[in-house]
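Fit chain A to the given chain Z structure using the hints.
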Amino acid sequence: MAQHWITDIRAASACALALMLGACATTSPESESALDQARVAVERLEAQPLAAQTAGKALQDARDALGAAEKAQSEHKSADEVIHLSYLARRNAEIGESVIAEASARTAMSQAQAQRERVLLDARERETAAARQQTLMAQQSAQQAQQQAQASQQEAQAAQQQARDAQAQLEAMQAKQTDRGMMLTLGNVLFDTNGDTLKPGADELVSRLSQFLQSHPDIKVRIEGNTDSTGSDSYNQALSQRRAEAVATALESRGISASHIQAVGRGKSAPVAGNDTAAGRQQNRRVEIIFSDTQGQFASN
Amino acid sequence: MTRSTLAVAALGALLAAAGCASAPKPTAELAQAHTLVDQAEQGGAAQFASADMAAARSKLQMADQDAAKQPEQSKRLAQEATVDARVALARTNEVKAQQALRDVNAGTQTLRNETDRAQPDATMASPAMPQ
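Quick mapping for you: the protein sequence lines, in order, are chains Z and A.
Whatever position you read off the first sequence (first residue = 1), add 17 for this note's numbering.
Whatever position you read off the second sequence (first residue = 1), add 1130 for this note's numbering.
In isolation and in its complexed conformation, chain A is listed as follows:
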């Protein structure tokens, strides 16, 4: 990491030296990333898609840190944090829908078992009736 950071710093220096104009701070991308990460968190993504959520948070944190010094990298990190948050939210919605489906099916099965149990009781009750 330190090695890579050094390399990037060197590259940055080189770019600066070579006259490549440094990009402005990626304000829009960062704002969008924050919005999406918040949305995903509110949607319960930390519970249902924790790995994607962790990736989104860590990239967003680095994007915030790099915003001024390395705007190009910050922009990519912000975009990746955004897409990670979207993945987290999509997975959360998927898992929730599947869970709800399982719940309904389990409820139906329980209901079926109950009525199947209740049925023999009903037929057993009939001969007990006064003739």
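The following block holds chain Z by itself, in its conformation from the complex:
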């Protein structure tokens, strides 16, 4: 380590010579160099824009020490003194540099803390927004579920209404509730005896039936032809089948889909009265129209 405050032999000799001459004055390359370093350090500190404002004391100390060093040099004080004062000037200038650096770090610190606050705030805002979004979505899905429930309730109500309407319309056509579902019994007036062609008088009935089926497209019909016991089984079976089909064909010609219509001949197998009287046979000769429910289902019987 350079012990610069300790003069070397040459300086000592010079001083000894000077002392002999009666004055303690000397200069050396070392003192010149130390003084130069001090000047450079002080100038560098002075060049800092914030020096006077931020590091005023260090700057003042450095200038004072440099002034003292210059004075010592010009007054030919000892090299030790010049080097010492230059050192104090240079070190005070370094203190000033550190003080300025610290101050600028502190300034940056308050900016950094403000930025941190902003980031924290942003994060909180994002969280709040996400929570709001989730709440909104939950509300929307609850609303949707409610709307769906309402819609299905309305649908159910509409279906019930339609079923009630159908029931009322069928009742208006004199259909009766039976254990096979709603059933309309048409007397033998639709056909001539032993005939299988619908009489013109049947038009109105077929028209009302087809209108009803068109306004209730989910309702299907099963048309069953029946006879009395007069004549052979096969004859009665075929006749009842043809009569049922005649009604079915009439409905189809008015736009009712064949898939909604079943035509069945039951011959004399399903009498509703005794065949031993004319009145009983009259009752047995009939066409029955059985209606499904509004889902197209027949009563399972």
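By construction, these hints were calculated from the structure, which means they are not laboratory data.
For clarity, every value in this text was computed on a predicted model and none was experimentally measured.
Where a beta carbon is used, it is the ideal one built from N, C-alpha and C, also for glycine.
Please note that the accuracy of each hint is not assured.
What the hints assert, rightly or not - Once the Cα atoms are required to be at most 27 Å apart in a straight line, the calculated DSSO-like pairs of lysine-lysine come out as: (1) K1226(A) with K88(Z); (2) K74(Z) with K1226(A); (3) K94(Z) with K1155(A); (4) K1199(A) with K94(Z); (5) K1155(A) with K1199(A).
What the hints assert, rightly or not - Reference listing, derived: stretches of chain Z covered by chain A, where coverage requires no fewer than 3 residues with Cβ under 8 Å from a Cβ of chain A: (6) 99-109; (7) 124-132; (8) 135-143.
Showing chain A alone in chain Z's frame:
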């Protein structure tokens, strides 16, 4: 060193012989140096400005040793120890402030990364919500 010490001793002798009055013991400068070196140590300068702190301590030790015999040199050493301790303390404060700044910035960056990571998670969570 021994050579220089001899030279200084010779100079001292010469000064004495020449009638230059020897200065009194630099009590005030030594006391101030001790105070400042202690302050710097308490401020953590040994950790953050070890070279400056070492210079201050070694000069203060020599100043103490030279106090009686070479008061002029002791005074300079004490003043230099004082300024070295001040430099050490100023550097320590500077380094600490810069470190604190780095810590805050690093914390902010971490926070930013976390929220950036958390954000896609939040948007991914939304479709998983019951519709």
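Hints, verified against the model:
| no. | hint | in the structure |
| --- | --- | --- |
| 1 | K1226(A) with K88(Z) | violated, 37 Å |
| 2 | K74(Z) with K1226(A) | holds, 21 Å |
| 3 | K94(Z) with K1155(A) | holds, 21 Å |
| 4 | K1199(A) with K94(Z) | holds, 21 Å |
| 5 | K1155(A) with K1199(A) | holds, 9 Å |
| 6 | 99-109 | holds (count 5) |
| 7 | 124-132 | holds (count 5) |
| 8 | 135-143 | holds (count 5) |
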